[in-house]
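Here is how the chains run, residue by residue.
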Amino acid sequence: MTRKFLIRVLSLVTAFTAVATSAAGQTPRTPWGDPDLQGDYTNKFEQGTPFERPDEFSGRTIEDVKGDELKGILQERQDRVLLQTVLAGGDPAGNLGGPLHWQDQFDITKGSRPWFVVDPTDGKIPPQTAESRRRAAARQGARRGRGQADSWVDRSLYDRCITRGLPGSMMPAIYGNSYRIVQAPGYVAIQYEMVHETRIIPLDGRPFVNAAIRSHMGDGRARWEGETLVIETTNFRDESVYRGANPETLKITERFTRVSPDRLDWRVTIDDPTTWTKPWTFAMPLTRSADERIMEYACHEGNRAMANILSAARSEEKAVAEAAKRGIKLTVSDSPTAAEGER
Amino acid sequence: MRIALAITLALGLSGQAFAQGNPGLAGTWTLDPASKGGGGRGGGVPGFPLATQLVIKMSPAEVTVDSDTGSAQSIQTSVYKTDGSTTNVPGPLGWETTAKAAWQGDSLAVTIRRSITGPNGPIGANVTDTYRVSGDTLTIERSLGQTTQKLVYKRKS
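Line by line, the protein sequences give chains B and A.
Quick note: the first sequence uses the numbering used here, first residue 8, plus one each step.
Quick note: the second sequence uses the numbering used here, first residue 1470, plus one each step.
With the rest of the complex left out, here is chain B:
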C-alpha cells in the first residue's frame, strides 16, 4: 500500500516536473540527462526554397519577409513545383514517373522561409577565394577530354547511389526527406532516408580521427551547448566534398535546437578559409512527424538509369560517327544529370 502510494506520488512529481520544464521551454531529457531530440523528422515542406536570397529581395533580410507576403511566396513556390512535375501522373503503362505517394512536393505551402542562407544577412554565399577558383579550374582541367557519360565514374556519386554527402543528405528533394535522430549515452546517430547513410557521432570529447582517414560524410564530433546539439565534422573526401570546398580544410558545424515540441532548427555553418572569404550559415526547420518514418531507400533495385545513360551515350556516339562518314556533322548532346536536390 505504502509502496503503491509512493509510486503514485513519484509519478505525479515526474509528470509535474516534465510539464514544468516543458512550460519553461526546456527540451525534454533522456533518462541519462541529455536534451532529448530523438524522433522522426522531415524538411519536405522546405522544398523549392532558393538557397540564396533572390535578387528581387535585395536589401531585405530573411526576417523582413513574413505574413501574407511569405504565404504568397510559398503558394507560388508550390505552384511552380507542380507545374514542373510533369511526370507526377506517370503514364498508364507505369513506365514513367514514380508513384505519387513517393513524392514530397505537395506540402510546400507549409514551408517556413523565403531562402536558406541566414549569415551573412544579405543571404548570399560569400565570394570564393582565389585559391578556390584555381582548385576549381584544376578539377575542370583534370576532366578535360572526358564526356559526361564515358563511364559510370563520370556520373555523380548521387547518380551512382553512393551518397549526397554532407550537408547534401539533409537538403530537401523530391522524395526521401525523412531523417531519424537516435541518442544513447555518449552517442547520437542520424539516419538519412536518401541515400540511406547513418552517421554515428561520439559525444565524449574524443579527438577527430587521423587526417588520413576520410569519408563521404566526414568524421563528426558532437557536444551540447545548453539545449543545442552541436556537431563539427571534418575529414571529407575530395570527390564528395560540399560545393567544391577543400576537403583538407572544410569544417561543417551543425546546430540542432528544439524550438517547439515538433520542430528542430537545423543550422549549418560552412567554414573553409581556403574556399570562401568568410564562414557562412544556412538554416531550416526539421519537423517532427510520426508519419515520416524512414523507408527503405532501394536505389539500385530495378534502377536501369545508369545502364540506360551509358548505352544511350554509346548509341549517340555511334550515330555521330556514322553521320561523319557521310559528311554530316552532328554533336553529342549533354547527358541528363539527376536534378533532385542539393548535392
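These aren't lab readings, by the way, just hints derived from the structure by calculation.
It cannot be assumed that every hint is accurate.
[To be verified] No farther apart than 27 Å at their CA atoms in a straight line, the calculated lysine-lysine pairs in the DSS-like style are these:
| no. | chain 1 | residue 1 | chain 2 | residue 2 |
| --- | --- | --- | --- | --- |
| 1 | B | K78 | A | K1619 |
| 2 | A | K1526 | A | K1625 |
| 3 | B | K73 | B | K117 |
| 4 | A | K1569 | A | K1623 |
| 5 | A | K1526 | A | K1623 |
| 6 | A | K1569 | B | K78 |
Please read all numbers here as calculations on a predicted model, not as lab measurements.
Given the coordinates of chain B, assemble chain A onto it according to the supplied hints.
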C-alpha cells in the same frame, strides 16, 4: 422583308458578339526571336513549352489556338469558350488540364488550371494567359502569382 430583318439581326448579333472581343486576334503568329519569356520570380512560368507559332481562329463563341512548340508532340489545339465555361485542354500526362476564358475589352484572359490528386487530396496550380493585340503584334502575358512572363509574337504575312 422578314428575311432581310433576320439577316440584319443575325449580322447585328454576330457583330455584337465579336464586338466583345478583338477580331484582330485571329491569324498566324510567329514568336519574336527576341522574346524568350523570362522575367519575374524564377525566370518565367515553368511547365509550358514555348510555342514558336500560334494559329488562332475565332468564332462568336470560341477561340481556337493551335500551338506549335516544334517538339515531338508538335501542334496542340486548345479550344477556349468565351462564355466563361470550362473546357478541357491539352496538358501533361496524368494531369487534368482545364481552361476558362473571357474577353476583357479587347484582351482575352484565359485561366489554365492543372490539377492532380496527390497523396493528401486534389492539388493544382492556375496560370493566366492574357492575349493583347496591337497592330501586327500579339503579346501574351503569362502570370503565375507575382511572376509575369511576356511573350511577343508577330503576325505572319
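Verification of the hints:
1. B:K78 / A:K1619: Given pair K78 (chain B), K1619 (chain A) holds - Cα atoms ~25 Å apart, limit 27 Å.
2. A:K1526 / A:K1625: OK: K1526 (chain A) and K1625 (chain A) at ~14 Å, within 27 Å.
3. B:K73 / B:K117: Holds, at roughly 13 Å.
4. A:K1569 / A:K1623: 25 Å, holds
5. A:K1526 / A:K1623: Within the cut-off at roughly 16 Å; holds.
6. A:K1569 / B:K78: 25 Å, holds
Against the hints set out earlier in the document, no violation occurs for any number.
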